[in-house]
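**Student:** These are the residues of each chain, in order.
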Amino acid sequence: MTGYFNEMYDGASVRPPYARLGDWVNAMPAELRQMKQAEAEALFRRIGITFAVYGEGGDPDRLIPFDMFPRVFTGAEWARLDRGVKQRARALNAFLVDVYGRGEIVRAGRIPARLVYQNDAYEKAVAGIVPPKGVYSHIVGIDLVRTGPDEFFVLEDNCRTPSGVSYMLENREIMMRMFPALFRENRIAPVENYPEILRRTLASVAPKKCNGEPTVVILTPGHFNSAYYEHSFLADLMGVELVEGQDLFVEGEFVWMRTTEGPRRVDVIYRRIDDAFIDPLCFRPDSMLGVPGLMDVYRSGGVSICSAPGAGVADDKAVYTYVPEMIRFYLGEEPILNNVPTWQCSKADDLKYVLEHLAELVVKEVHGSGGYGMLVGPKSTAAQVAAFRERLIADPGNYIAQPTLALSTTPTFVEEGIAPRHVDLRPYCLVGERVELVPGGLTRVALTEGSLVVNSSQGGGVKDTWVLAE
Amino acid sequence: MLSRTADNLYWLARYMERAETAARLLEVGARISLIPSAHGYRNEWDSLLLAAGTAHAFAQKYKDPVQRNIESHLFFDLDNPTSVASCIGSARENARIVRTALTTQVWDAINTAFQELRQLERLPRSEVDLSRMTDWTMRHAAQVRGAIDATQLRNDGWDFLKLGYALERADNTARLIDVKYYVLLPQLEFVGSELDNYQWTTLLRAMSSHRAFHWAYGGDVTAKKIAHFLILNPQCPRSLITCIESANQHLDRLSRGYGRATDAQSQGRKLLAGLSELHTDDVFDEGLHEFLTRFIGENGNLGAAVHDSYLSGDIR
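If you're matching them up, the sequences are chains A and B in order.
Numbering of the first sequence is given in my numbering, commencing with residue 5 and proceeding in unit increments.
Numbering of the second sequence is given in my numbering, commencing with residue 434 and proceeding in unit increments.
Treat each hint with caution, since some may be false.
[To be verified] For lysine to aspartate or glutamate, the following DMTMM-like pairs were computed, each having C-alpha atoms within a straight-line distance of at most 25 Å:
# : chain 1 : residue 1 : chain 2 : residue 2
1 : B       : K658      : B       : D715
2 : A       : K383      : A       : D399
3 : A       : K40       : A       : E419
4 : B       : K703      : A       : E265
5 : A       : K137      : A       : D278
6 : A       : K137      : A       : D300
7 : A       : K40       : B       : D541
8 : A       : K40       : B       : E549
9 : B       : K658      : B       : E710
[As the list claims (entries may be wrong)] DEER-style ranges, computed between Cβ atoms:
#  : chain 1 : residue 1 : chain 2 : residue 2 : range
10 : B       : D568      : A       : K137      : 55 to 61 Å
11 : A       : E419      : B       : L553      : 55 to 61 Å
12 : A       : Q462      : B       : Q493      : 42 to 48 Å
13 : B       : G690      : A       : R269      : 15 to 21 Å
14 : A       : M292      : B       : D696      : 29 to 35 Å
15 : B       : S745      : A       : E155      : 56 to 62 Å
16 : B       : R555      : A       : K40       : 57 to 63 Å
17 : A       : R181      : B       : D568      : 30 to 36 Å
18 : B       : S699      : A       : R303      : 42 to 48 Å
None of these hints come from the bench; they were simulated from the model.
Note that beta-carbon positions come from the ideal geometry of N, C-alpha and C, so glycine has one too.
If we strip away everything but chain A, and leave its shape as in the complex, we get (with noise of 0.2 Å):
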């Protein structure tokens, strides 16, 4: 594994962060491993825990690996991440707000106007709203992968309704009860108040219409979603309802929740489902999730609905190539946070390229998610290469490409001890009258030697990420 960044040996020295984390694992013997690592496993189950992956089939009680060694981070290291990361999502929602009124954008020709108005995820039928506090991305994951000591990319942005905030609270748990002694010799920087801090937000864009303490609500599609744990954990942890579409009604200019004592208003819905489903009347006329009407209610400013609808066009693929175009326009600073240089095979050129460098690249499907229908040139046989050529050529609108980034390490549990393993990172930051971030965020680590895929849908798993305070 030369060649790539490895975030706790640089040579035979440990990085600082990792200091004591090098007297920890070589004071901790096989069989103690092993032996919490079974404990860790066994917490998982009993906490309910568990993911299910789409269309795998097998055990729908899949635990995500959780791999015991940490990441961390410096506080400096840190800080950066935290500034760069706040300016993204500042600028995705002035994106936002933007594109569904006059398009300032647009007209100054810094982005063109068929990627923002004939895209998917562009949605015609909230044009002209300005949601509470000017924000339609309440919670923007931003993903992030690290090539050396103070590159980082950002990979892709999350808008809409990112998820594995629970792992991120949970990892540090479990880390907590099983290690303590680590905790008080390192100074680690809390994120138990992420639930807090997100009622909050979602508590401070309530609707015009409401007064007094609003009723926030999360909106899951129900206990067969794979991220339903995660609904109900942070349900749980903001002290909110957890309802599904049957339980809210619209009646007058309000949204109503079915209770035992009768209807009682709602004012801000984190929903967790997709724009598609929120309203039968307004979107999919067959969608079972949603509620009818809850977008009529929406547009007259009687609810907030957290993401609001349309906010996945910031976060689309192809707009991503935009996004430090938009934190000059909007911001007028110049990014913190460097995209991956990105082919886009719309453009003839571009296409040209990729396909004369298909074995060296990785290409994505625009609309793609979870590590599905995208190519990893460098780690596919020469059969694979050509088929998704195939692909390409049929349809290369729906593609982007990017150099395969050398991904740094961190050391992993492994069979035969420790190893390192390629990591990316997710953190969550939230956005209502403030911009907040809690230090930290969801470590995703590829299990398998050499791997540059760590979705867990494709064998990936998660670690607890750290944060030192200074």
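Could you slot chain B onto chain A? The hints should help.
**Tutor:** Chain B only, in chain A's frame:
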């Protein structure tokens, strides 16, 4: 609280209680099958299936009513909606949906039962004898009930849990008594015989009330004493009157908390008043089976009133 949440809590409790009843039923059957059966009665295991209301489904799937098949059917069989495994699975599914309305301890108790059951299912059947199955079920049912009583917030959610337990237990007790009287001993000439008393005692054992009965009554075991104990004695934790009292208590808490009474409260009070004025002789004059059938119907109506007044989501 959300009507759907209340509904899930109510059914989680009902399924846990039902799982326990399925195990108790197995125990009744096992004990009765130990009596020499030279009397020319129907096969006792057969009667048990009639009582459980699953005789037809059983016959289609297993044919022979031998103990091992009955054990599979009442304990493990997921095709049987009232088997222990089905009930615990349903209870856990309801719990998973309302995870936020439960304490960690309650979730843990239910989830542990579910996970252990999966391990039990994988064991060779020769290692899982009947007493292990019934003990296992009682123990986990007790753990869940204990966790609810010890840790749940005393809010409306608690009332819906307790209502589920009370109504299901009332129904199950009535059905268990009916098994004895109507199914196990169909011929009048045996009433009062040794066999009759033996079967009554078995019933008491299945309800874990054998010793309690002796403490409360002393002397001979008679049908009237037992009927009094299981129907009208407020000291017996499974008696019909105890269950209906408990249901009323929680309905009253709900109407106070919500500042509003519903049809459920009036039906509950009527049912309790009827039981309070009743004497054992009245029960036997009406006919035990007839009385029980009427009670099961009225108890079911009370459940329907709870549904309409709180759980349906159409409350105005």
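**Student:** Indicate, hint by hint, whether the structure satisfies it.
**Tutor:** Do the hints match the structure? See the list:
no., hint, verdict
1, K658(B) with D715(B), "13 Å, holds"
2, K383(A) with D399(A), "23 Å, holds"
3, K40(A) with E419(A), "14 Å, holds"
4, K703(B) with E265(A), "23 Å, holds"
5, K137(A) with D278(A), "22 Å, holds"
6, K137(A) with D300(A), "19 Å, holds"
7, K40(A) with D541(B), "20 Å, holds"
8, K40(A) with E549(B), "21 Å, holds"
9, K658(B) with E710(B), "17 Å, holds"
10, D568(B) with K137(A): 55 to 61 Å, "59 Å, holds"
11, E419(A) with L553(B): 55 to 61 Å, "31 Å, violated"
12, Q462(A) with Q493(B): 42 to 48 Å, "44 Å, holds"
13, G690(B) with R269(A): 15 to 21 Å, "20 Å, holds"
14, M292(A) with D696(B): 29 to 35 Å, "30 Å, holds"
15, S745(B) with E155(A): 56 to 62 Å, "59 Å, holds"
16, R555(B) with K40(A): 57 to 63 Å, "26 Å, violated"
17, R181(A) with D568(B): 30 to 36 Å, "32 Å, holds"
18, S699(B) with R303(A): 42 to 48 Å, "44 Å, holds"
Comparing the model with each numbered hint stated earlier shows that hints 11 and 16 do not hold.
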